[in-house]
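Enquirer: Here is how the chains run, residue by residue.
Protein chains: 2
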Amino acid sequence: MEMYSKAETLALRQKHIGPSCKVFFAKDPIKIVRAHGQYMFDENGEKYLDCINNVAHVGHSHPEVVKAAVKQMELLNTNSRFLHDNLVQYAKRLTATLPEKLSVCYFVNSGSEANDLALRLARQYSGHYDVVTLDHAYHGHVTSLIDISPYKFNQLGKEAKKEFVHVAPSPDIYRGKYREDHEDPAGAYADNVRNIIEKAQKNGHKIAAFIAESMQSCGGQIIPPAGYFQKVAQFVHKAGGVFIADEVQVGFGRVGKNFWAFQLQGEDFVPDIVTMGKPIGNGHPMSCVVTTREIAEAFGASGLEYFNTFGGNPVSCAIGLAVLDIIEQEDLQGNATHVGNYLFGLLKEQQEKHSLVGDVRGAGLFIGVDLVKDQIRRTPATAEAQHIIYKLKERKILLSADGPYRNVLKFKPPMCFSMEDAKFVVEQIDELLTDLEEATQIRAKNSLPTNTQSKRKLPTGGSSQLESNNENISPINGTICRHENGFSGESHTVPCKRIRT
Amino acid sequence: MEMYSKAETLALRQKHIGPSCKVFFAKDPIKIVRAHGQYMFDENGEKYLDCINNVAHVGHSHPEVVKAAVKQMELLNTNSRFLHDNLVQYAKRLTATLPEKLSVCYFVNSGSEANDLALRLARQYSGHYDVVTLDHAYHGHVTSLIDISPYKFNQLGKEAKKEFVHVAPSPDIYRGKYREDHEDPAGAYADNVRNIIEKAQKNGHKIAAFIAESMQSCGGQIIPPAGYFQKVAQFVHKAGGVFIADEVQVGFGRVGKNFWAFQLQGEDFVPDIVTMGKPIGNGHPMSCVVTTREIAEAFGASGLEYFNTFGGNPVSCAIGLAVLDIIEQEDLQGNATHVGNYLFGLLKEQQEKHSLVGDVRGAGLFIGVDLVKDQIRRTPATAEAQHIIYKLKERKILLSADGPYRNVLKFKPPMCFSMEDAKFVVEQIDELLTDLEEATQIRAKNSLPTNTQSKRKLPTGGSSQLESNNENISPINGTICRHENGFSGESHTVPCKRIRT
Chain A
1 MEMYSKAETL ALRQKHIGPS CKVFFAKDPI KIVRAHGQYM FDENGEKYLD CINNVAHVGH
61 SHPEVVKAAV KQMELLNTNS RFLHDNLVQY AKRLTATLPE KLSVCYFVNS GSEANDLALR
121 LARQYSGHYD VVTLDHAYHG HVTSLIDISP YKFNQLGKEA KKEFVHVAPS PDIYRGKYRE
181 DHEDPAGAYA DNVRNIIEKA QKNGHKIAAF IAESMQSCGG QIIPPAGYFQ KVAQFVHKAG
241 GVFIADEVQV GFGRVGKNFW AFQLQGEDFV PDIVTMGKPI GNGHPMSCVV TTREIAEAFG
301 ASGLEYFNTF GGNPVSCAIG LAVLDIIEQE DLQGNATHVG NYLFGLLKEQ QEKHSLVGDV
361 RGAGLFIGVD LVKDQIRRTP ATAEAQHIIY KLKERKILLS ADGPYRNVLK FKPPMCFSME
421 DAKFVVEQID ELLTDLEEAT QIRAKNSLPT NTQSKRKLPT GGSSQLESNN ENISPINGTI
481 CRHENGFSGE SHTVPCKRIR T
Chain B
1 MEMYSKAETL ALRQKHIGPS CKVFFAKDPI KIVRAHGQYM FDENGEKYLD CINNVAHVGH
61 SHPEVVKAAV KQMELLNTNS RFLHDNLVQY AKRLTATLPE KLSVCYFVNS GSEANDLALR
121 LARQYSGHYD VVTLDHAYHG HVTSLIDISP YKFNQLGKEA KKEFVHVAPS PDIYRGKYRE
181 DHEDPAGAYA DNVRNIIEKA QKNGHKIAAF IAESMQSCGG QIIPPAGYFQ KVAQFVHKAG
241 GVFIADEVQV GFGRVGKNFW AFQLQGEDFV PDIVTMGKPI GNGHPMSCVV TTREIAEAFG
301 ASGLEYFNTF GGNPVSCAIG LAVLDIIEQE DLQGNATHVG NYLFGLLKEQ QEKHSLVGDV
361 RGAGLFIGVD LVKDQIRRTP ATAEAQHIIY KLKERKILLS ADGPYRNVLK FKPPMCFSME
421 DAKFVVEQID ELLTDLEEAT QIRAKNSLPT NTQSKRKLPT GGSSQLESNN ENISPINGTI
481 CRHENGFSGE SHTVPCKRIR T
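From first to last, the protein sequence lines are chains A and B. At position 55 of the first sequence (counting the first as 1) the number is 55 in UniProt numbering, and the numbers step up by one without a gap. At position 458 of the second sequence (counting the first as 1) the number is 458 in UniProt numbering, and the numbers step up by one without a gap.
There may be inaccurate statements among the hints.
A pair holds if it fits inside one copy or across any two, identical chains being indistinguishable in the list.
Here are the computed lysine to aspartate or glutamate pairs in the EDC-like style, where the Cα-Cα straight-line distance is at most 20 Å [to be verified]:
1) Lys92 - Glu180
2) Lys162 - Asp147
3) Lys353 - Asp147
4) Lys396 - Glu43
Simulated from the structure, these hints should not be mistaken for lab results.
Please model the entire structure based on the sequences and the hints provided.
Expert: Written out as structure tokens, the structure is:
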């Protein structure tokens with residue numbers, strides 16, 4: 001099956017692929033040759049449990065997706081300047097999953113193209129230019145989106161923030177300004193947005209849009225408190241702007257209870273624009289922007305045609321339709337609720353058991369485990385998170401850590417993830433946390449020789465060694481002292497922030 | 001095979017697809033249900049000869065492309081953070097088609113993503129921001145590219161041009177400032193670029209890049225005179241910027257003689273960045289940026305990871321490899337030369353015969369026929385071009401007209417286009433031109449009643465009726481008087497500008 005040995009593949013990659021394109025586990029990357037369901041297999045046939053691939057939404061290499069693709073590829077694959085039933089049928093099916101006013105689609109090829117187009121729609125509709133974005137947000141890799149992604153531009157120095165970009169605090173009730181003990185964190189965070197808008201307006205700025213992932217993914221698996229989006233939408237509308245819900249990472253039933261993550265905010269909330277991406281085609285390059293008739297008409301009124309060469313082609317639409325069918329037929333939304341709740345419960349038990357687990361939060365099969373060195377100060381346990389990720393890889397489990405401190409274990413597996421998978425991965429994490437806590441305590445007492453062969457050895461230089469084990473690397477704001485014993489010893493009293501699904 | 005009647009498809013499209021997304025032949029769009037080779041079939045089984053789909057490069061629904069896609073889809077489709085042989089093998093094969101220094105690839109999903117990334121590379125490498133672009137250029141639909149596409153931003157009013165954008169004249173030796181009778185049009189157009197750069201620098205601007213399609217497509221099938229790119233590259237390099245060759249429309253052997261259209265400029269010319277798109281995957285959403293090690297390293301030095309979720313996935317790479325194989329195995333580059341030369345010759349005969357044909361230019365299977373109302377003044381025959389396109393559609397031939405005056409018939413068919421196809425389409429054009437010329441003369445003499453049933457009737461309101469029959473609609477600078485007989489009567493003396501392939 002292999003054309004090259006792993007070493008040759010790596011050498012060719014170093015020669016011909018841009019060095020900015022990182023591999024997982026840079027020191028010892030994985031070569032994957034096949035996958036099915038929630039499992040991936042390397043060149044030696046070793047099986048990995050995939051806890052991170054939200055793109056392979058209905059499971060890797062799903063036969064029904066392949067069948068739909070082949071059937072259409074054999075017939076026709078052309079652009080949307082010709083009429084085709086797949087395009088309109090898919091638009092009809094997709095909009096049927098959304099609130100009624102979200103009825104007009106633009107088919108594009110990636111989450112980045114979708115978010116860029118959302119900005120164009122917002123700017124044309126509002127006649128304004130400025131954007132309010134959340135801290136730690138990531139919305140894509142094209143120029144216009146790097147500009148509104150603090151996750152990215154913060155790495156380029158303080159001057160990288162453009163004047164038209166206004167950064168609101170992430171509505172993080174574990175680590176942010178207003179926490180779980182605040183009486184109205186949704187209102188408080190929304191008031192921040194209002195203040196930011198008012199300040200911008202005083203300086204002559206005009207707001208085109210507020211954009212946020214319905215749940216922040218790279219930003220650290222942040223679940224905005226319910227009611228936050230409603231209030232923000234009020235303020236943004238008052239300023240003449242629109243609300244863009246970025247569902248690129250979290251849409252298509254992942255949250256279990258609802259098909260779209262923004263719906264967790266309540267039935268009274270409807271964004272003006274929704275962008276989709278990763279899971280939409282189970283890996284096929286496609287994505288979509290859905291908006292209101294009013295915004296679409298305003299965009300059309302400029303007279304400028306919008307043409308996307310590959311967007312909405314019959315093959316992409318056939319695949320999109322197959323994905324919707326499979327989610328329904330295999331009740332993957334139900335599975336996300338069922339297995340997600342189970343996994344969440346198991347992780348909450350870990351929180352009870354291990355001081356390193358500061359917070360467990362999530363909805364359906366989108367869960368974050370926030371590791372801390374100190375339950376009171378909530379000092380991010382970055383090196384420990386990276387250590388766990390690395391050790392899990394040795395145990396053939398693929399998990400990642402993200403967030404501004406890279407300390408949040410990030411679950412977003414294919415939606416066919418099973419109870420057994422959940423049990424297995426948490427058992428492994430339990431063992432690793434136990435080892436790590438013991439090793440840390442031993443080390444704190446200086447009773448462990450630095451050259452010990454013990455598998456309980458703390459990660460040395462773990463952070464730099466493992467830094468490629470992240471979708472995107474954020475700078476670490478806090479200084480992490482690896483010789484410090486971060487345990488507070490006190491049991492945590494953080495309330496469960498699981499959204500009931 | 002149909003889910004909906006054509007009327008239902010159209011109604012659903014109007015309901016659910018953004019009104020900015022246009023169809024071909026808006027008054028009576030075509031519903032296509034299958035295609036193979038250079039032929040497309042509508043819902044009634046009517047066969048259309050496709051002269052415009054440069055995306056279906058190796059032929060619609062090519063079985064070897066489908067086979068490669070299925071084989072890989074059944075195995076694995078995941079992101080490029082895992083090692084995979086397809087990625088490196090494809091990068092190796094693709095860079096082997098390019099001059100040696102172009103050795104580093106970034107795989108993305110569309111021509112727009114490719115050109116946006118090219119700008120990011122150029123800006124990071126140069127530390128500059130400004131861009132020199134050609135008049136009438138179109139480089140893509142994302143925000144950053146609308147900004148550098150006069151074809152688009154000119155439609156938004158004079159203020160739409162950003163300060164960092166500098167527009168150089170298109171090196172059009174038929175209709176531009178320096179024409180076929182100029183002793184050194186390449187040098188003269190390049191000097192324009194130098195002057196623009198120097199003026200910008202005097203005003204404190206710093207040039208990051210010069211970007212141009214190797215041959216302008218939407219801009220009117222413009223073939224830059226050989227030597228132009230070399231000189232421009234000197235001036236851009238002197239200013240600290242880079243040369244980006246946009247091969248999204250014209251690459252992959254279409255020009256016959258060479259695999260890349262920039263190579264027509266001469267072996268001594270090598271761009272710093274090449275972007276690819278449309279034909280690369282025969283319709284599969286994929287594309288690529290190739291650059292030098294030096295630029296790639298500079299981009300990497302920012303520390304910012306570049307991650308593209310779908311870019312370079314094993315399925316896209318398998319398809320890309322299949323397309324390269326087919327081009328080679330079926331000698332499509334040879335066919336582009338062979339059939340392209342034949343088609344060009346036939347069209348030159350039309351130029352001898354018909355006063356409406358002002359210019360025929362092209363290379364391989366990329367040919368433009370510039371229609372004029374007046375051979376001396378070269379007044380664009382816009383309505384006539386639209387009429388011909390519409391009449392060809394009735395004869396089941398798909399052709400389009402583009403350029404700033406929408407008067408250039410644009411040939412860019414699948415590369416399997418045959419001698420018979422060429423003969424057939426030119427015969428039809430000959431008939432239509434004859435009809436049109438006769439009708440125009442008759443009408444000029446006021447001898448034809450306006451309500452005549454004659455098929456020789458001039459298009460009435462043709463321009464607005466047919467305006468969707470274009471990839472993108474540009475404003476028409478010249479006023480077109482439909483009652484004027486534009487014939488000069490003189491035979492043209494325009495030298496043949498066919499690039500020998």
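Enquirer: Does each hint fit the structure? Answer for all of them.
Expert: Hints, one by one, checked against the model:
no., hint, in the structure
1, Lys92 - Glu180, "neither (40 Å within a copy, 53 Å between copies)"
2, Lys162 - Asp147, "both (7 Å within a copy, 17 Å between copies)"
3, Lys353 - Asp147, "neither (42 Å within a copy, 56 Å between copies)"
4, Lys396 - Glu43, "within (13 Å within a copy, 51 Å between copies)"
Violated hints, in rising order: 1, 3; the structure is consistent with all others.
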